[in-house]
Amino acid sequence: MLIENVFKCLRQYTQLAVNSYKAEKYVSNMLFNRATFKLPLVTGHAIHMRNYTSQGNTRLKDVLKFWTKKFSDEGVSEPQESVNLIVAHAMNKKMIHEVNTHERASEDIVQAINKMCELRLKRTPVQYVIKEWDFIDMTLEMCPPVLIPRPETEELASMVVNSLQSSNVKNGLFLEIGCGTGAVSLYILKCLPKMRCVAVDISSVACDLTLRNASFYDLQDRLTVIHGDAFTDATLSQLQHYGRYNIIVSNPPYITSTDMLLLQPEVKLYEDHRALYGGEDGLDIARNILQLSRKLLHCNGSVWLEVGLNQADKIKSMVNQNPDLHLVYKQTIQDFSKRDRFCKLSYQPENS
Amino acid sequence: MSRHTSPSWLVRLLHPLKQDRSMIYCRKLISNSSHQRCLSVCRNRAVLPTTCHKYHSSISQTFKPLAILSTVYIHKRQASNSQKNTKFTLCNDKYRDYLNHLEEEWQDLDKRRNMGEQLGQDKSLRLFTLQKVVDIYEDVKVKYEELETLSQMLNDEEMKEEALLEHQQCLTDIEDLENNLVDIICPVERLDDSDIVLEIESGAGGQEAMLFAEEIFDMYQQFSTYKGWQFNVTDITDSDTGGYRKASATISGQGVYGLLKYEGGVHRVQRVPKTERHGRIHTSTIAVAICPQPSEIDVVLNPKEIQIEVFRSSGPGGQNANVTDSAVRIKHLPTGFTAEIQTTRSQHKNKELALALLRTRIYEKQLSEQMERVTSQRKMQVGNKNRSEKIRTFNFQQDRITDHRLNYNVYDIASFLHGGEKLESLINDLLTEANKENLICLMEEFENSKTKPEKTKARK
Chain A
1 MLIENVFKCL RQYTQLAVNS YKAEKYVSNM LFNRATFKLP LVTGHAIHMR
51 NYTSQGNTRL KDVLKFWTKK FSDEGVSEPQ ESVNLIVAHA MNKKMIHEVN
101 THERASEDIV QAINKMCELR LKRTPVQYVI KEWDFIDMTL EMCPPVLIPR
151 PETEELASMV VNSLQSSNVK NGLFLEIGCG TGAVSLYILK CLPKMRCVAV
201 DISSVACDLT LRNASFYDLQ DRLTVIHGDA FTDATLSQLQ HYGRYNIIVS
251 NPPYITSTDM LLLQPEVKLY EDHRALYGGE DGLDIARNIL QLSRKLLHCN
301 GSVWLEVGLN QADKIKSMVN QNPDLHLVYK QTIQDFSKRD RFCKLSYQPE
351 NS
Chain B
1 MSRHTSPSWL VRLLHPLKQD RSMIYCRKLI SNSSHQRCLS VCRNRAVLPT
51 TCHKYHSSIS QTFKPLAILS TVYIHKRQAS NSQKNTKFTL CNDKYRDYLN
101 HLEEEWQDLD KRRNMGEQLG QDKSLRLFTL QKVVDIYEDV KVKYEELETL
151 SQMLNDEEMK EEALLEHQQC LTDIEDLENN LVDIICPVER LDDSDIVLEI
201 ESGAGGQEAM LFAEEIFDMY QQFSTYKGWQ FNVTDITDSD TGGYRKASAT
251 ISGQGVYGLL KYEGGVHRVQ RVPKTERHGR IHTSTIAVAI CPQPSEIDVV
301 LNPKEIQIEV FRSSGPGGQN ANVTDSAVRI KHLPTGFTAE IQTTRSQHKN
351 KELALALLRT RIYEKQLSEQ MERVTSQRKM QVGNKNRSEK IRTFNFQQDR
401 ITDHRLNYNV YDIASFLHGG EKLESLINDL LTEANKENLI CLMEEFENSK
451 TKPEKTKARK
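Residue numbers (the working numbering), protein chains in the order written: chain A, 1 to 352; chain B, 1 to 460.
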């Protein structure tokens, strides 16, 4: 079955009956079956590829042209950008405009590009193909299936830094729940050289990756990484061992069950579902974090969360309905596309 | 004095580098049977060797074959140059008046400081610059007094020979000091140290213009390396057949804007393009823009007035999507300016860069409005930073570079395009020229301010 057909079916079914159990089952079966995505790349391009590699000296431009066409034919998202990034990476650069595309590439480089592009054809995210990505001004190693930091999360990190810089807490301690690649924690540590950080993640691959990225920027001395589920008593006592925190920051999984069915193959097939799926309404983890905050935060400590669309209001009403959380909902902040994306809360216990 | 000795003693007086050339001029004058004139000139001007040299070089305009012989030297054609030079000596009454006025201003400020008054930042800076001006001015005045006594000694037959040498020394000293004075008397622009955005766009001439745009872009890149500046390419739009349609870069370092501010404008190239079959010479143009980068305080952007467009912003975003396109376009609603950046893989970083670029654009507009007001009064030749004005021509057939503001030829394009000393010396000459123009304006303003109060008094 061709990939286009899968998407067509998917669109039809989801439009007709999103709530229909049958359709859900059908579509998810198709999506979870990796074989469907692998199908189209079987033979076609091997022949074409010979056409340009057989000439010996290949210009990068031709390679770019070939793979861009291939990707758009196969329905790979962002065909042009993907090829550009891959070719730039093969030439040891970051962006295509740093590369002279009129140059002739050596056989090794063409081979490397082809290898990476074939991975991309299988819908591997570019970030996993080139094994690195930029987070504001840092370049971090990426490793499947650890969640790739999104541009929205860059905003979260820079907002936390800004608020810390304007407040007096410059040498405090903060906690990140679900650190993934470590992007948020590392950026804060890098900007504020007196802060210390505890990062916790349920995935051991993520913990290792965070440590690797930390040592690359020489930040490991101020960072403690704990492997475990923050919502179990064992891990909680470990977290409490470091004392109370000034800030809890988190980009918890917030995708709802319905949205899980509509994910891009790049996300669905390659990224850790533990970093994506947030329960029926997408707020399971966020709720747990809010519950946890009174056990971990200093008085007047704050919680920063990234949430999905329409979730900020739910968090607000939840906080207001549960006074025993002792949390005050401070602010909803919009992302670059002007949609509610970030929540700021403050822990204020009574008469303390 | 015989006809052979005249040039040789003249040459002794001249700048050592320019000896050969002046010898040729003098010989030419002599062989043109106008040697009487030459000799009389030399004799009359013997006490003023530098002026004599200037006279000679300006005469040389009439001998074109010789001008070609002197390709190694930068060759000034503009006769007005020598006039301008004489304007900024103490012999010029107006200039002396102006300097006296500055000295009074300095004394006033200095007195106020000594009284314990708190001078603001602007005043303190003014005092600081005036201090230097006044120091040199005092030196020059001392030298002029010395000159006076020496000229008296020249009349004395016994002392003549010794006095002559010292007299010459004194004159060169005065000239050096006066040149220095011109350089520092002009107020330093606050912007001179700011970083810039360099934008090069190919204009008329299609392919050929694009190729030339690439060469000029490389030239500035090499010049930045030569000066130890940081050169970051932000965007290059290249054409399929080579060359750049458009290229931009940020240059940061000390005094970047100060040096490059007069590079903005249209650069023209005349040569036989590689693509030309019949060997015809084409004329193509490229536009260079130099925009100082403002700090965040200079231009404050109201978040409500900007519209950020992120490519592929449809869909739920966040964790739901994997997006690698990090390009950001920001529109400033009141001015309609847009800035589009896809320099880095981080969208956040691109956004910051785009905001900075937008600020630069707005700032440039503010500056050019300001400049327009000033230049319309001042009619400056160099200082006019109009983007559409033709400033320089590269003629490959004659291997010549002409800067239209200096009317001034440099030869050897290849080494000029290396962005090294050649470019630097041209830029320095431009700056000096601009300083002089500035000074003329300042003096005119001073004159006007002097006459105005009188007029108003008269009206009363």
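Simulated from the structure, these hints should not be mistaken for lab results. The reader is advised that the hints may include incorrect statements.
[What the hints assert, rightly or not] Straight-line distance between alpha carbons at most 20 angstroms, and here's what the computed EDC-like set of lysine to aspartate or glutamate pairs gives:
{"no.": "1", "chain 1": "A", "residue 1": "Lys69", "chain 2": "B", "residue 2": "Asp240"}
{"no.": "2", "chain 1": "A", "residue 1": "Lys94", "chain 2": "B", "residue 2": "Asp135"}
{"no.": "3", "chain 1": "A", "residue 1": "Lys93", "chain 2": "B", "residue 2": "Asp403"}
{"no.": "4", "chain 1": "A", "residue 1": "Lys61", "chain 2": "B", "residue 2": "Asp238"}
{"no.": "5", "chain 1": "A", "residue 1": "Lys268", "chain 2": "A", "residue 2": "Asp233"}
{"no.": "6", "chain 1": "B", "residue 1": "Lys436", "chain 2": "B", "residue 2": "Asp403"}
{"no.": "7", "chain 1": "A", "residue 1": "Lys316", "chain 2": "A", "residue 2": "Asp272"}
{"no.": "8", "chain 1": "B", "residue 1": "Lys132", "chain 2": "B", "residue 2": "Glu103"}
{"no.": "9", "chain 1": "A", "residue 1": "Lys338", "chain 2": "B", "residue 2": "Asp325"}
{"no.": "10", "chain 1": "A", "residue 1": "Lys65", "chain 2": "B", "residue 2": "Glu340"}
These are the hints, each one checked on the structure:
1. A:Lys69 to B:Asp240: At roughly 17 angstroms apart (the allowed maximum being 20 angstroms), Asp240 (chain B) and Lys69 (chain A) satisfy the hint.
2. A:Lys94 to B:Asp135: Violated: Lys94 (chain A) and Asp135 (chain B) sit about 54 angstroms apart, past 20 angstroms.
3. A:Lys93 to B:Asp403: violated, 38 angstroms
4. A:Lys61 to B:Asp238: holds, 12 angstroms
5. A:Lys268 to A:Asp233: violated, 31 angstroms
6. B:Lys436 to B:Asp403: Holds. Lys436 (chain B) to Asp403 (chain B) sits at ~17 angstroms (cutoff 20 angstroms).
7. A:Lys316 to A:Asp272: This hinted pair is violated, its Cα atoms lying about 28 angstroms apart.
8. B:Lys132 to B:Glu103: Holds, at roughly 11 angstroms.
9. A:Lys338 to B:Asp325: holds, 18 angstroms
10. A:Lys65 to B:Glu340: violated, 24 angstroms
Checked against the numbered hints above, the structure violates hints 2, 3, 5, 7 and 10; every other hint is satisfied.
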